[in-house]
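Participant: Following the hints, position chain B against chain A.
Quick mapping for you: the protein sequence lines, in order, are chains A and B. First residue of the first sequence? That's 1158 in our numbering, and the numbers climb one at a time after it. First residue of the second sequence? That's 2 in our numbering, and the numbers climb one at a time after it.
Don't take every hint at face value.
With a Cα cut of at most 30 Å, we get these calculated DSSO-like pairs of lysine-lysine [unchecked claim]: (1) 1505/A x 367/B; (2) 1296/A x 1258/A; (3) 1258/A x 1271/A; (4) 1386/A x 1271/A; (5) 433/B x 1505/A; (6) 1386/A x 1258/A.
Which bits of chain B does chain A cover? Going by a derived footprint, with three or more residues having C-beta under 8 Å, they are [claimed, not checked]: (7) 438-452; (8) 456-466.
Hints in this document: simulated from the structure, not taken from any laboratory. By construction, the Cβ of each residue, glycine as well, lies at the ideal position given by its N, Cα and C atoms.
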Amino acid sequence: MMPVVLWTDALIGLLLAGSVALAWAGRRNRLMRDAWRRVAESRPGMAAAVVLACFVVIGLADSIHYRPRLDAPGAGVGVPAAEVVSLLDRLVAGLRSRGEKTYSAPFATHLYAKETLEGPGGRQFRDTPRLRYGGSHLKRPGARAADVVFRAVEGVAAGFALWLLLAAAVVRRLARAQACSPSAAWWRIWSGQTAVAWNAVLAAAGVVLLVAFPVAFLSGQYHVLGTDKVGQDVLLAALKSIRTALVIGTLTTLVMLPFAVVLGILAGYLGGWIDDLIQYLYTTLNSIPGVLLIAASVLMMQVLIDTHPQWFQSAAERADARLLALCAILGVTSWTGLCRLLRGETLKLRELEYVEAARAFGVPTPRILARHVLPNLMHLVMIAMVMDFSGLVLAEAVLSYVGIGVDPNTYSFGTMINAARLELSREPVVWWSLAAAFVFMFALVLSANLVADAVRDAFDPRLVGRARRRLPAG
Amino acid sequence: MDRSLLEVTGLSTVIDTPAGALRAVDELSFSVEAGTTFALLGESGCGKSMTALSLLRLLPEAARISAGRVALEGEDLLALTEAEMREVRGGRIAMIFQEPSTSLNPVLTVYTQIAEVLDRHAGLRGRQARQKAAELLAAVGLGDAERRLGEFPFQLSGGMKQRVMTAIALAGEPRLLIADEPTTALDVTIQAQVLDLLAALQAGRGMAILLITHDLGVVARLAHRVGVMYAGELVETAPRDAFYKAPRHPYSRGLFEALPRPRMRGVPLATIRGTVPSLTAAFEGCRFAPRCDFALERCKVERPGWHPADDGQLVRCHLYAAGMTPARSRARPARGEAVLSREAHAPLLEVDGLRVHFPIRRGLLKRTVGHVRAVDGVSLAIPAGRTLALVGESGCGKTTAGKAILRLIRPTAGRVRFDDNALDGLEGGALKRARAGMQMIFQDPYASLNPRLPVGEIIAEGIEAAGDRAARERTGELLSAVGLDAGMTERYPHEFSGGQRQRIAIARALAVTPRLLICDEPTSALDVSVQAQILNLLRDLQERMRLSYLFITHNIAVVEYLAHEVAVMYLGRIVEAGSADEVLAAPAHPYTQALLSAVLRPDPAGMGRAIEVRGEIPSPAHPPEGCHFHPRCPKATEACRLRYPGETRLSPTHVVHCHLFGE
Chain A
1158 MMPVVLWTDA
1168 LIGLLLAGSV
1178 ALAWAGRRNR
1188 LMRDAWRRVA
1198 ESRPGMAAAV
1208 VLACFVVIGL
1218 ADSIHYRPRL
1228 DAPGAGVGVP
1238 AAEVVSLLDR
1248 LVAGLRSRGE
1258 KTYSAPFATH
1268 LYAKETLEGP
1278 GGRQFRDTPR
1288 LRYGGSHLKR
1298 PGARAADVVF
1308 RAVEGVAAGF
1318 ALWLLLAAAV
1328 VRRLARAQAC
1338 SPSAAWWRIW
1348 SGQTAVAWNA
1358 VLAAAGVVLL
1368 VAFPVAFLSG
1378 QYHVLGTDKV
1388 GQDVLLAALK
1398 SIRTALVIGT
1408 LTTLVMLPFA
1418 VVLGILAGYL
1428 GGWIDDLIQY
1438 LYTTLNSIPG
1448 VLLIAASVLM
1458 MQVLIDTHPQ
1468 WFQSAAERAD
1478 ARLLALCAIL
1488 GVTSWTGLCR
1498 LLRGETLKLR
1508 ELEYVEAARA
1518 FGVPTPRILA
1528 RHVLPNLMHL
1538 VMIAMVMDFS
1548 GLVLAEAVLS
1558 YVGIGVDPNT
1568 YSFGTMINAA
1578 RLELSREPVV
1588 WWSLAAAFVF
1598 MFALVLSANL
1608 VADAVRDAFD
1618 PRLVGRARRR
1628 LPAG
Chain B
2 MDRSLLEVTG
12 LSTVIDTPAG
22 ALRAVDELSF
32 SVEAGTTFAL
42 LGESGCGKSM
52 TALSLLRLLP
62 EAARISAGRV
72 ALEGEDLLAL
82 TEAEMREVRG
92 GRIAMIFQEP
102 STSLNPVLTV
112 YTQIAEVLDR
122 HAGLRGRQAR
132 QKAAELLAAV
142 GLGDAERRLG
152 EFPFQLSGGM
162 KQRVMTAIAL
172 AGEPRLLIAD
182 EPTTALDVTI
192 QAQVLDLLAA
202 LQAGRGMAIL
212 LITHDLGVVA
222 RLAHRVGVMY
232 AGELVETAPR
242 DAFYKAPRHP
252 YSRGLFEALP
262 RPRMRGVPLA
272 TIRGTVPSLT
282 AAFEGCRFAP
292 RCDFALERCK
302 VERPGWHPAD
312 DGQLVRCHLY
322 AAGMTPARSR
332 ARPARGEAVL
342 SREAHAPLLE
352 VDGLRVHFPI
362 RRGLLKRTVG
372 HVRAVDGVSL
382 AIPAGRTLAL
392 VGESGCGKTT
402 AGKAILRLIR
412 PTAGRVRFDD
422 NALDGLEGGA
432 LKRARAGMQM
442 IFQDPYASLN
452 PRLPVGEIIA
462 EGIEAAGDRA
472 ARERTGELLS
482 AVGLDAGMTE
492 RYPHEFSGGQ
502 RQRIAIARAL
512 AVTPRLLICD
522 EPTSALDVSV
532 QAQILNLLRD
542 LQERMRLSYL
552 FITHNIAVVE
562 YLAHEVAVMY
572 LGRIVEAGSA
582 DEVLAAPAHP
592 YTQALLSAVL
602 RPDPAGMGRA
612 IEVRGEIPSP
622 AHPPEGCHFH
632 PRCPKATEAC
642 RLRYPGETRL
652 SPTHVVHCHL
662 FGE
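Isolated chain A, as found in the complex (with noise of 0.2 Å):
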C-alpha cells in the first residue's frame, strides 16, 4: 500500500506531537500536575474523557490514510488504487462492502420501499424484497428476533470478559502501587478512595464495550442502524462522521489561538492606538453576522476549488482542502470573544504588582508578556478551547446543514443532518439517519463538555480550592 498524506491529517498529527511534547514539558511544573490531578479526581470528567477517547481513537483511526494496491493480473506486484482509503475504512471494511439497494429500517431484513418483484410462475407482485445482505444468512425472516438476542447476548458475553481483562490490569496496577492485596485495592476502587477516579473510568468503559461489542458482533449480518438512500450502511456513516467532527473542532481551535492570544494580549498590555486598532478590528468583525461572512467565505472558496481541479490528484484531497478551508475560516471568524476576553485579563493583570514589580526591574516587555502575563492567562485560554470544541462541532452541523459546510461526499453531521430533512418528509418516514447523528453527536458534545467542566474547575484559580476560599476574613 501506499501511504497518503492528507493536509488535515498532518495538522492532526501536528497537534497530537504538540499535547505530547507539551504534557512532556509540563510534567515537571508542579502546579500543571496539580490541576491535572484535579481533573483526574473529578469522576464526571473522567467518565465523559473514556468516552471521548473512544471518538479520539475512531477519528485518528480515521485519519491514516493510504491507497490500497490492486492485484492486477498479470503483474507481481499490485497497483496503487485510486481511492484514497484510511486504516478505519479497513477495520469496517465489511460495514463498506455490504450496500444495499437503498433505504432499510434497522435490523431489517427486507428493503423498506415496495419494489414490483416477479414470482415464481413470472406473476408480478408488488412487495419488499429480501436484503442482499441484512439477515441474508437467516433461512426464514421469523428467526430473526431469536437470531438478533443471541448474537448480542454473546457480544455482551465478549464485552464483559474484556471489561474483567481491563478492570484485572487496573486493580493489578493499583495494587503494586500501593503495596496492598488486589481484593484491597478492589475494594478502594470502588469505594472512591483511589487519587484517580478509576471507579468512574471503569464504569464508562464497561458502558463503551457492553454497547460497542454487541453491535460489532451483531453489524456482520445486520444493518444495526439501517441504510441510507443509496444502501450504505447508517453506522459507517456515523463512525466516519467522528473525524469531520472532530478536525473541525480541534484544529479550528488551533487557526483561531494565536489570533486571540496574540492580539487580546498586545491590545490588552501595550494600550494606546494598539488597543484601538485592535478593538475597532474586532468589533467590525463582530458587527458582521456570523453565519452571513462564513457562507460568503465558503462560497468564495468553493468556486476557487471548482475552477482549479488540476491542483488535486484525488476526490478526497479536495474534500479535505474544502474541510481545511472551513476550519480556518470558522478560526478567523470566531476568535473576537476570547480576543476580548484575555484583554480584558491583561488590562487587569497589567495593574497587578508582580507586572509592576518586573517593570521596575527593567525586564523587557516580550519577558513580562511571557512571563507574568501569558501563564496567567493559560487557564482561560484551556478552558475557551475545551468549551469552543462542542460549539463548532454543532457549527459545523448547522453549516453543513444550510449547504455551506463541508463537501457533499465527506461523511459529517451536518450532511447526515441535511439528508434526513427529506427523508423526515417520506411516508413511511425514514427515521434512523437523523436519530443516528442525534445519538452520535450528542455522546460526543456531551462527553467533550464534561470533560470541559472538569478542565475548567481544575484550573480555574477562582474555582481551585473553593471551600477555603469561602471563609470570611476574621
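Facilitator: Leaving out everything else, chain B in the frame of chain A:
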C-alpha cells in the same frame, strides 16, 4: 445584674473542608449587656467574623453550627425558623460591614436602600418612610439629608458610605449592632469620626454593639469589655481599662508588645513566633502553647480552663491557676537608642518639584478638559542609610509619587537625582542603569508575586534582568537573608503566608543590591504580630546594608517607630517636613496636628479628643483655591483662601507650608 441582651453559650461552628472539619469557632461563651460594647479582638483567621455570621445564621454553605446557644433577650436564635430569623436580621440585630464601597448596591439610590429596611422592619412606606430616612441620615451626621437620599453610592465618599451603611443598619431600630471591622477601610481622620458616631448613637439609643476588630486602638476607643480570640476560642475576657492596664494572657501580651511605639525606636519589636495553628487539627493542650514563651509541660497536654485574675479579668491559661505565680513579662532586649550616625550626608535621592498630572479626557475625540494633579510639586531628599516616611491619607498622591520617582509612572515635570545621576529624560537602557539602585516593595503580598512562578525564579528575575546570568545560586542566600529557609526556592507563592510572601518580595528587591527601597505600605495588609516581624527585618537590613527607605504609609505608629524624617502630604503637595522628632512631637501644620490627634492609641487613658477635621479630601482634579487645606482647617484665615502658602523654615530641618507661620 439584669439578664444580658445577648448571651452566647458554648457556640461552636464547624466548616467542612477537603482537609477535614475545621472548627472555626469553638465553644465560645460571652454576653453583651444593653448599652455597652463588647469587642472581639483577634488576628485574621481566628474566627471573629465566623462568630458574627453564626449569630446571624448567615454562614456559608460548607459551615454549620454544631453546638451552643445564642439567646437574644432570652430567645434562642438557633431555634427560630428561617422566616422568623429574617425578622431578627436587620430588625433586632443589624450589621455593618468592613468595606463600605461594596456593601452598598451601586445601582440603587441611598433612599431605596434605606426604604427597603424601613418597609420590611418598620412597615413604613411613602412619605413617612422618606421622612424617617432623612431623619436617619441626619442622625448619622450626613448634612443635607434630602439631597443625599436621591444620590447613588458613587456620588458619596468612603466615610459617607459608611455613614449610609450605619443609617441602613439603624433603620430597623436594632437592639444589637454587629460592627465587623467598621473602620478598617477608612482613613485615620474619617475613622475617628465614624467611631465617635457609633459611640454617640449607642449612648442615645441604648444599643448594644458587638465590635469585631484586630485594632487595639479601635477597641480602646469604643469598647466596654474586651474578648480576645485565638484559634477559634476566647482566651481572655476583661473590662477595657483592666485589659489595657495589664493584659493577662501571653497572647494578649504578645499583641501589645508587637505594636510599634515611639519609645521602642532602635529596639527590635517583640514578635510572636510561629503561626496560627490549623483549625482542622484536634487540640490536646492549650492552642497557644507552641508559640508561648511561658509554656509549661502541663500546657501541652491539658486544655486550660478559665481562671480569674484581678480586676475582673478571666484568662484561659494555666499560668493563672491557683498556686501559680505568673511571670509578669518576658525578658526584653535592653533599650538602646538608634545607633545610626546622625552626621549629614549628601542625599542619596533628591527629588525636586516632582509633578504627575493625569489628563482628564472627555467626549468623542478624547479632548483633554483638565488634569488630576495627583502629585503637584513634591520635593524631598533622603541621605544614605536613613528612612523618610511619606505620610498622608488615601488619595493624597503618596503612592503615585513613589512610582513616579521609580519612573513606573512618567512624571509630568520635576527632577529626580539618584546617587548623583539625573534620571529625568533618560530612556531605555540608560534609565535602567541609572535607577538600578532603587527598588519597590508593594502593599499587597498576595498581588506582588506571580502565582505561576516558583519563588526561586521570582527572586532571580531581577538579577537576570540586570544581566547577571550566573546569579541563580544567590536566591537561596537572599531567602536566608530575609529569614526564610534557603531550600524553599522550588515552592510556589501560594504555599506561603502573608508575612512570608512579604519577605519574599523583600528578597526579590534585595536581589539587585539596591541602595534605596521604596516601601509602599508594606505592612498594612499584615497582622500586628507579622507586621512586627517585617518591621524588625527592615530595620535590621537598614543597619546591615545601609539601605535608605522611602516609607510610604498612613500608619503613624509605624512612622514613629521607623522613620528618621517625616514628610506629610496633602492633596499632592508636602505640607510639612522635618525630622521625625520635630514633626511628630511638635506638629506645626494644622493638618499634621489633626492627623496625629486622630490616631487611635492602644490606650484608653491617653486618648485626647481628636481635632475635628470637617469633610473629606477634595478631588485632586479641582483643588481648592489658596491653601488646599483651608476648607477643612479650623484655623483658616482670609489669606488662606487667597493664595497657597510659601515655605516657612521653623528650624534647619523643619519646613512647613502654612500662613500661620509666614510673615
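Participant: With reference to the structure, classify each hint as holding or not holding.
Facilitator: Checked hints:
no., hint, verdict
1, 1505/A x 367/B, "22 Å, holds"
2, 1296/A x 1258/A, "21 Å, holds"
3, 1258/A x 1271/A, "12 Å, holds"
4, 1386/A x 1271/A, "14 Å, holds"
5, 433/B x 1505/A, "25 Å, holds"
6, 1386/A x 1258/A, "8 Å, holds"
7, 438-452, "holds (count 11)"
8, 456-466, "holds (count 4)"
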